[in-house]
Amino acid sequence: MAQQNLPIRLIVGLGNPGPDYVRTRHNAGFRFVDMLAGKLGAHFHEERKFQGETARCRIAGHEVWLLKPLTFMNASGEAVSAMANYFKITPAEVLVAHDEMDLLPGCMRIKKGGGNAGHNGLKSITQQLGTPDFWRLRLGIGHPRTLGLAQQVFDFVLSAPSSEHEEAIRTCALAALETAPLWAEGEMEKAHRAIAAFGTPKKPAPPQKPGRQNIEA
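The numbers in full-length UniProt numbering rise by one with no breaks, and the one at position 186 of the sequence shown is 186.
Bear in mind the hints are in silico, worked out from the structure with no lab data behind them.
Careful: at least some of the hints might be erroneous.
[Claimed, not checked] As a list, the in silico DMTMM-like pairs of lysine to aspartate or glutamate whose alpha-carbon atoms are at most 25 Å apart:
1) Lys123 with Asp155
2) Lys190 with Glu46
3) Lys88 with Asp20
4) Lys123 with Glu46
5) Lys190 with Glu78
6) Lys88 with Asp155
7) Lys190 with Asp102
8) Lys112 with Glu189
9) Lys190 with Asp133
10) Lys111 with Glu93
11) Lys39 with Glu93
12) Lys112 with Glu93
13) Lys111 with Asp20
14) Lys123 with Asp20
15) Lys112 with Glu187
16) Lys111 with Glu78
17) Lys39 with Glu185
18) Lys49 with Asp102
19) Lys190 with Asp155
20) Lys123 with Glu164
21) Lys112 with Asp155
22) Lys88 with Glu63
23) Lys111 with Glu63
Please model the entire structure based on the sequences and the hints provided.
Here it is, written out as structure tokens:
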């Protein structure tokens with residue numbers, strides 16, 4: 001018999017607060033929960049005791065909370081644990097939407113548990129919850145190396161993607177929104193299959209070497 005998953009009661013979007021970070025790759029999680037709130041007609045407001053912006057909504061008839069930590073990325077876990085503790089939400093009922101460098105723009109995956117892959121927001125949440133066993137919606141942003149960029153990782157995640165990559169990330173997020181009712185019902189295996197079916201990770205074509213065939217007059 002397949003293991004029964006608990007319904008998701010808290011959806012967290014990771015990012016950094018402030019206008020300087022709105023369009024950065026690192027704020028993919030913030031943008032996702034903003035889109036979800038917009039789709040559901042929910043509105044965020046700042047809640048100081050949770051160190052973040054929160055919104056209450058109903059998904060598939062279930063009450064679900066949305067959270068955008070205002071602690072900056074490296075301390076995201078403080079906001080998540082404060083809200084989870086207050087509402088008695090277990091780690092297995094938490095889903096965190098975040099940027100993922102191991103996936104290209106236009107790709108996404110959902111999983112429970114695992115490592116943090118150098119993501120300081122996930123690291124903070126793992127430390128504060130005392131376990132890595134929460135759900136993650138991994139929104140691909142690519143890695144500067146695989147995208148052929150000379151940027152360091154720090155500069156890469158804190159800069160805006162190209163318009164093409166921004167649209168690919170947005171398209172992924174829109175597709176993920178359609179699986180939210182499954183999260184609220186605890187149908188995480190169905191959600192996993194639906195998300196895995198959207199976009200297959202592909203390595204970008206290597207840049208062509210200058211040659212006669214690609215020189216235009």
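To see whether the hints hold, each was checked on the structure:
1. Between Lys123 and Asp155, the direct Cα distance comes to roughly 19 Å. Compliance with the 25 Å bound is thereby established for this hinted pair.
2. Straight-line distance between C-alpha atoms of Lys190 and Glu46 comes to about 33 Å, which puts the hinted pair past the 25 Å bound.
3. Annotation: proposed proximity of Lys88 to Asp20 is violated, straight-line Cα distance about 34 Å (limit 25 Å).
4. Only pairs whose Cα atoms come within 25 Å are accepted, and Lys123 paired with Glu46 is accepted, the gap being roughly 24 Å.
5. For the given pair, Lys190 sits about 30 Å from Glu78 by alpha-carbon distance, which is inconsistent with the 25 Å threshold.
6. A C-alpha spacing of about 37 Å is found between Lys88 and Asp155, which places the hinted pair above 25 Å, so the restraint is violated.
7. Restraint check for Lys190 and Asp102: satisfied, since their Cα atoms lie roughly 23 Å apart, inside the 25 Å limit.
8. A distance of roughly 11 Å separates the Cα atoms of Lys112 and Glu189; the hinted pair therefore holds under the 25 Å criterion.
9. The hinted pair formed by Lys190 and Asp133 meets the criterion: a straight-line CA distance of about 19 Å does not exceed 25 Å.
10. About 13 Å separates the Cα atoms of Lys111 and Glu93, which keeps this hinted pair within 25 Å; it holds.
11. Taking the CA atoms of Lys39 and Glu93, the gap is about 21 Å. The hint holds against a cut of 25 Å.
12. The straight-line distance between the Cα atoms of Lys112 and Glu93 is roughly 10 Å, inside the 25 Å bound, and the hint therefore holds.
13. With a C-alpha separation of about 30 Å, the suggested pairing of Lys111 with Asp20 is violated against the 25 Å cut-off.
14. Only pairs whose Cα atoms come within 25 Å are accepted, and Lys123 paired with Asp20 is accepted, the gap being roughly 23 Å.
15. Restraint check for Lys112 and Glu187: the C-alpha separation of about 13 Å stays at or below 25 Å, so the hint holds.
16. Between Lys111 and Glu78, the direct Cα distance comes to roughly 22 Å. Compliance with the 25 Å bound is thereby established for this hinted pair.
17. Of the pairs offered as hints, the one joining Lys39 and Glu185 holds, with about 18 Å between alpha carbons and a cut-off of 25 Å not exceeded.
18. Between Lys49 and Asp102, the direct Cα distance comes to roughly 34 Å. Violation of the 25 Å bound is thereby established for this hinted pair.
19. With a C-alpha separation of about 36 Å, the suggested pair Lys190 and Asp155 falls outside the 25 Å cut-off, and the hint is violated.
20. Among the hinted pairs, Lys123 with Glu164 is inconsistent with the structure: their alpha-carbon atoms are about 29 Å apart, more than 25 Å.
21. Note on Lys112 and Asp155: the hinted pairing is violated, with a Cα-Cα distance of about 28 Å set against a maximum of 25 Å.
22. Among the hinted pairs, Lys88 with Glu63 is consistent with the structure: their alpha-carbon atoms are about 14 Å apart, no more than 25 Å.
23. Taking the CA atoms of Lys111 and Glu63, the gap is about 22 Å. The hint holds against a cut of 25 Å.
This entry does not satisfy hints 2, 3, 5, 6, 13, 18, 19, 20 and 21, going by the numbered hints stated previously.
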